[in-house]
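Throw the hints in and build the complete structure from the sequences for me.
Number of protein chains: 2
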Amino acid sequence: MSETHNTAKTRFVEVDGVRYAYRRFGTATRTPVVFLQHFRGGLDNWDPNVTDGLAKDRPVILFNNAGVASSGGDPADTVTGMARHVIAFVDALGLKKVDLLGFSLGGFVAQQVVLESPDLIRHVILAGTGPQGGEGMDHMPPKVVEHATREKPILEDFLYLFFSQSETSQAAGRAFWERRHTRLDQDVPSSVAAMGAQGNAIAAWGIVPQLDRYASLRRIKHPVLVVNGADDIMVPTINSFILQQRIPNATLVIYPDSGHGAIFQYPELFVSHARLFLEGERRGY
Amino acid sequence: MSETHNTAKTRFVEVDGVRYAYRRFGTATRTPVVFLQHFRGGLDNWDPNVTDGLAKDRPVILFNNAGVASSGGDPADTVTGMARHVIAFVDALGLKKVDLLGFSLGGFVAQQVVLESPDLIRHVILAGTGPQGGEGMDHMPPKVVEHATREKPILEDFLYLFFSQSETSQAAGRAFWERRHTRLDQDVPSSVAAMGAQGNAIAAWGIVPQLDRYASLRRIKHPVLVVNGADDIMVPTINSFILQQRIPNATLVIYPDSGHGAIFQYPELFVSHARLFLEGERRGY
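First to last, the protein sequences are chains A and B. Residue numbering for the first sequence follows my numbering, starting at 114 and increasing by one per position. Residue numbering for the second sequence follows my numbering, starting at 114 and increasing by one per position.
Just so you know, the hints here were simulated from the structure itself, not pulled from any lab data. Don't take every hint at face value.
When chains are identical, the list treats them as one kind, so a pair holds in a single copy or across two.
What the hints assert, rightly or not - Below 25 Å or equal to it, Euclidean Cα-Cα: the simulated DMTMM-like pairs (lysine to aspartate or glutamate) are:
| no. | residue 1 | residue 2 |
| --- | --- | --- |
| 1 | 210 | 165 |
| 2 | 169 | 392 |
| 3 | 334 | 344 |
| 4 | 334 | 280 |
Okay, here's the thing in structure tokens:
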């Protein structure tokens with residue numbers, strides 16, 4: 114396929130009355146990577162340097178969960194509900210095995226998809242995310258909430274939430290913002306209802322369980338690549354270390370001078386790391 | 114140069130009456146990487162897949178500190194003393210700028226070299242190591258001490274100390290052991306005196322300071338790559354996370370199902386990660 118991040122048409126597939134929006138591009142070889150997006154984000158919240166970078170040697174599928182951005186249906190208000198939509202969507206495309214790249218809330222959903230449907234998944238990338246009931250995930254600082262819930266998100270929200278406060282990181286944030294707006298027909302923003310439902314899912318995921326914290330992580334037997342910035346103010350970075358320590362076959366990469374959106378600050382380096390990871394099986398590690 | 118790990122002659126350079134042993138091979142282009150070895154280790158305790166892998170596009174210099182293995186002189190009994198030998202050695206070779214790869218004790222020394230002589234160093238790789246006064250670095254489990262201090266170290270010591278107890282990791286350990294013995298004229302073992310001096314240096318480095326723990330890490334302004342295995346029983350893995358969090362420009366990679374010697378378990382993957390890091394400046398990150 115010669116389509117790219119900026120040219121791939123938004124397509125739809127319907128399952129049980131839910132019309133899921135997605136885009137597919139990249140080469141036809143290898144296992145497709147399904148991208149699962151952050152709180153309120155849609156098809157155009159990804160970095161074209163990441164998506165096109167991975168699409169060079171595998172199919173890339175960007176996906177809006179039910180009720181999010183251009184997808185129809187009611188937004189799920191639990192991570193499990195979102196995971197079931199992902200599974201229904203992948204099944205509807207007729208795919209028997211996919212890789213997942215879950216960012217933030219999308220990383221919660223990716224973990225749940227693996228637990229619900231382990232045979233459907235080959236490799237998993239978890240970016241800027243954390244385990245159920247992770248450290249400091251049961252609350253968010255008021256300023257984070259303020260930026261994350263602005264009715265119409267602006268550049269300053271992303272610069273604050275996704276990047277570190279250094280000049281370098283802020284400049285990288287502005288460059289990301291420009292890249293992600295180069296596509297002409299941008300996906301529609303998510304509704305206020307979607308924000309509410311996702312907010313509920315995130316709050317429930319953050320609750321620290323009374324017993325056997327992190328038990329589910331041991332059940333993830335897949336190769337997992339955990340990545341984050343050095344100082345993530347949305348999902349504290351220590352949670353990336355915890356994911357690595359508890360998931361039996363997990364690799365960790367933490368990038369310097371960066372935050373929640375580190376994969377958009379170092380897109381080329383992240384793509385190099387992701388490709389080494391995704392190709393690992395072939396190379397024997 | 115067409116010499117390799119197995120063919121490069123052991124050379125010597127003398128400074129102030131100390132005759133340092135080293136080997137140099139690899140291409141003549143780019144910044145040389147000076148390898149700083151672990152407790153008691155000499156020129157042949159490295160993995161040829163790591164050294165030859167990095168030597169493909171840069172000079173590699175393996176080095177024995179004073180009094181270690183085939184080097185002459187008295188072994189230093191402090192990390193600072195060892196760092197000064199490294200600086201004297203690099204100066205004696207006429208090199209104005211080098212990269213460092215410090216493994217375990219060699220990683221303590223690498224940090225100290227950077228602090229003592231920042232302009233001499235470009236990039237630093239810290240493998241299986243930790244900061245001065247790091248977590249759990251003020252003592253070692255008795256079984257670790259027993260394996261680490263055997264008069265003539267054997268395969269079982271390395272399998273216990275450097276690898277995880279899984280079948281995969283143990284098999285990787287045996288493969289490493291074979292690779293590292295493929296060179297015919299092996300470096301001599303370190304003396305008991307060297308073991309004692311290095312043991313004192315390690316013990317002093319492990320003491321938790323009363324004030325301003327980790328303060329020196331903030332003074333390291335160089336690009337640093339920190340790597341380790343998921344469960345290092347010699348220098349607990351949390352210290353790799355601490356190094357990344359405290360050194361301003363540090364990247365962290367942690368490998369799954371592995372220990373202290375993770376770079377010898379995943380030599381090709383580590384070389385890929387190291388090359389991305391060492392070439393980062395050229396690529397703009």
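Right, here's what the structure says about each hint:
Taking identical chains as interchangeable, the C-alpha atoms of residue 210 and residue 165 lie at most 25 Å apart only when both belong to the same chain, with a minimum of 21 Å there against 37 Å between chains. Taking the shortest Cα distances, residue 169 and residue 392 sit within 25 Å of each other both inside one copy (13 Å) and across copies (22 Å). In this assembly of identical chains, the alpha carbons of residue 334 and residue 344 lie at most 25 Å apart only when taken from different copies (17 Å versus 28 Å within one copy). For the homomeric pair residue 334 and residue 280, the shortest alpha-carbon distance between copies (16 Å) is at most 25 Å, but the shortest distance inside one copy (40 Å) is not.
Hint violations for this structure: none, all hints satisfied.
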